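Undergrad: Spelled out, the chains give:
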Amino acid sequence: MQQTSPLARAGRALEPLAWVGPAVVLIAVVVVWPVIVMIQSSFLKISRFGVVRGANGVDNYTKLFAEPDFGGVMIRSLIWVVAVVGLTVVLSLALAQLFNQRFPGRNIARWALIAPWAASVLMTAIIFKWMLDPEVGLINMILHDLGILDAMGGADADPLGKASTAFPWLIGVAVFVSLPFTTYALLAGLATIPADVYEAARMDGASKARIYFSITLPLLRPALTVAMLINVMNVFNSFPIIWVMTHGQPGYSTATSTIFMYILKGSDIGESAAMSVVNFGMVVVLVAVFLKVARWNRQVA
Amino acid sequence: MTVTEARPRTVPARRQATTPPGRALPSVKKVIVAASAYVIAFVFVFPYLVMVLTALRPQDELREATYLPETFAWSNFVTFWSGGLVQNLGVTLQVAAGSTILVLLVALPAAYYTARHDFKGRTAFLILVLITQMFQPTAMLVGIYREFSQLGLVDSVWSLILVNAGFNLAFAVWILNAYFASIPRELEEAAFMDGAGRGGALFRVTLPLAMPGVVTALIFTFIAAWNEFVVALTLTTSQENQPLPVALNSFIGQYQVDWQNLFAGSVIATIPVIILFALIERKVVGGLTAGAVK
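For the protein sequence lines, the chains are C and B, in the order given. For the first sequence, position 120 matches number 120 in the UniProt record's numbering, and the numbering has no gaps at all. For the second sequence, position 41 matches number 41 in the UniProt record's numbering, and the numbering has no gaps at all.
Think of the hints as simulated: they come from the structure by calculation, not from any bench. Among the clues, some could well be false.
[As the list claims (entries may be wrong)] Restraint-style ranges between C-beta atoms, simulated for each label pair:
#1 C/P194 / B/D155: 52 to 58 Å
#2 B/I252 / C/R48: 36 to 42 Å
#3 B/V86 / C/D150: 29 to 35 Å
#4 C/I193 / B/V31: 35 to 41 Å
#5 C/G172 / B/D60: 27 to 33 Å
#6 C/R221 / B/V86: 45 to 51 Å
Remember, it's a predicted structure, so these values are computed and weren't measured experimentally. Heads up, the beta-carbon is just placed ideally off N, CA and C, and yes, glycines get one too.
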């Protein structure tokens, strides 16, 4: 035991605070405080101009759950997350396998892959909306020239005009912007698999499919799990794609819970806060899962 | 690069040397692999190519259904430069630069201290950072909006700087922490013994060695703040205070859309960050998944 004066001890106890304190304060102000305000707001009656009109009990929640579109919005959010993340993972596994091969110009090809990741999702959504323009959209022109689309300018040339075609396009764009990160995470995972494992499997006469499913995929699992969870968070919170391309319309037929929350903010802030809390609850569950997996990985390593 | 590409090519060739007729096969496979990779790479840059080509269309060609513009109107960029959107570009630059500086000021000491010292609350702090990384501002938008309304910071650059810094702090702390932890303590001690002082050792030895991490954190934060849309959409009310993405988005709702202005703005907002991102691309995956794979 070292002999120290109380003052020196207090000084030493405060030292971490000087180094780490600013980060804690920033997180508290920007991340923690909004959560508290949000939960508080969900129990208040607030006009759309932000004027608090007193306590509201659980009325915001009752009103939210009674919204005729609520059920549809929640189911659509689920479809949105499962479809986007599922497609992203499957396609990324294939892309990672392809871009892991050696071929001339691989670095440049890999570099091209990052474009949708680096660019703002908003910009990508604007371009896709422009390429799907009923009259001059490039994708429509290509479909027209291939004989798939009968005429430009009509309802058929406006896939974003009706939910049955708009939602798949939204999912497609969301997959497009999620692919680069996921592929890169899997490429990083592939790089950690030692070559002699493959050598040994080949010596034993394992087929290519067998090697992939019995060696590559299991060893890729840590990278895959992390990439998937990060994707689930991003996709669940995804906003600009739907907002720019359809605004959740027609009706609420392409709106997820995030879009619904934003639209509600324009009419009833209290109800919007209630929707946020519901969303937030789901995010907390996802984070808990993530932390569990993170710790699991650490134990394995 | 051509040197490194040439080396692996000889490996399968050597293996095939005993069976000369099979020699052509791997190259066929290689051609297919390369060709599909090039096609996919093209698909990934295609939308941004369309964006550049649209930005170069003259006004009267915008509503024409042609694959390529007949004439290229480079003047669209001049028009952009003299238009009101330059103001919004300025806001974006302020927000991105401001958040980046704030993140570095806050993350550098925290990451250094947690890498070098074990203290009470260290694990709690790292878990807090990890949790922050998983949350996105969209999930708590109503709270952010009401908090900054109460603070009287709506429609101000400062609120955007604070929010962007707060939500990008985690990435910076993780990646810097990993870099500091990888630098041997002895190097710093040696410099200290040589009379450089604690500060001198830190600034002349440790920090330069951690530079790749600092640059990655810097570029990543800058791009994230530069691209941010939802918070800016929520927290800015007047047109002159909107960052470029929000200003461009408000164009779309209008009937008289200045599309070429919109796309000139999109090109300016997009192409620089794609190039910047290419510089740090390899380190970003590590930073984003650091909390989980550490």
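Undergrad: Each hint needs a verdict: does it hold in this structure or not?
TA: Right, here's what the structure says about each hint:
1. C/P194 / B/D155: 52 to 58 Å: At 55 Å between Cβs, range holds.
2. B/I252 / C/R48: 36 to 42 Å: Distance hint for B/I252, C/R48 is violated at roughly 23 Å.
3. B/V86 / C/D150: 29 to 35 Å: 43 Å, violated
4. C/I193 / B/V31: 35 to 41 Å: 26 Å, violated
5. C/G172 / B/D60: 27 to 33 Å: 32 Å, holds
6. C/R221 / B/V86: 45 to 51 Å: Since the Cβ atoms of C/R221 and B/V86 sit about 49 Å apart, the hinted range of 45 to 51 Å holds.
In this structure, the hints that do not hold are numbers 2, 3 and 4, in rising order.
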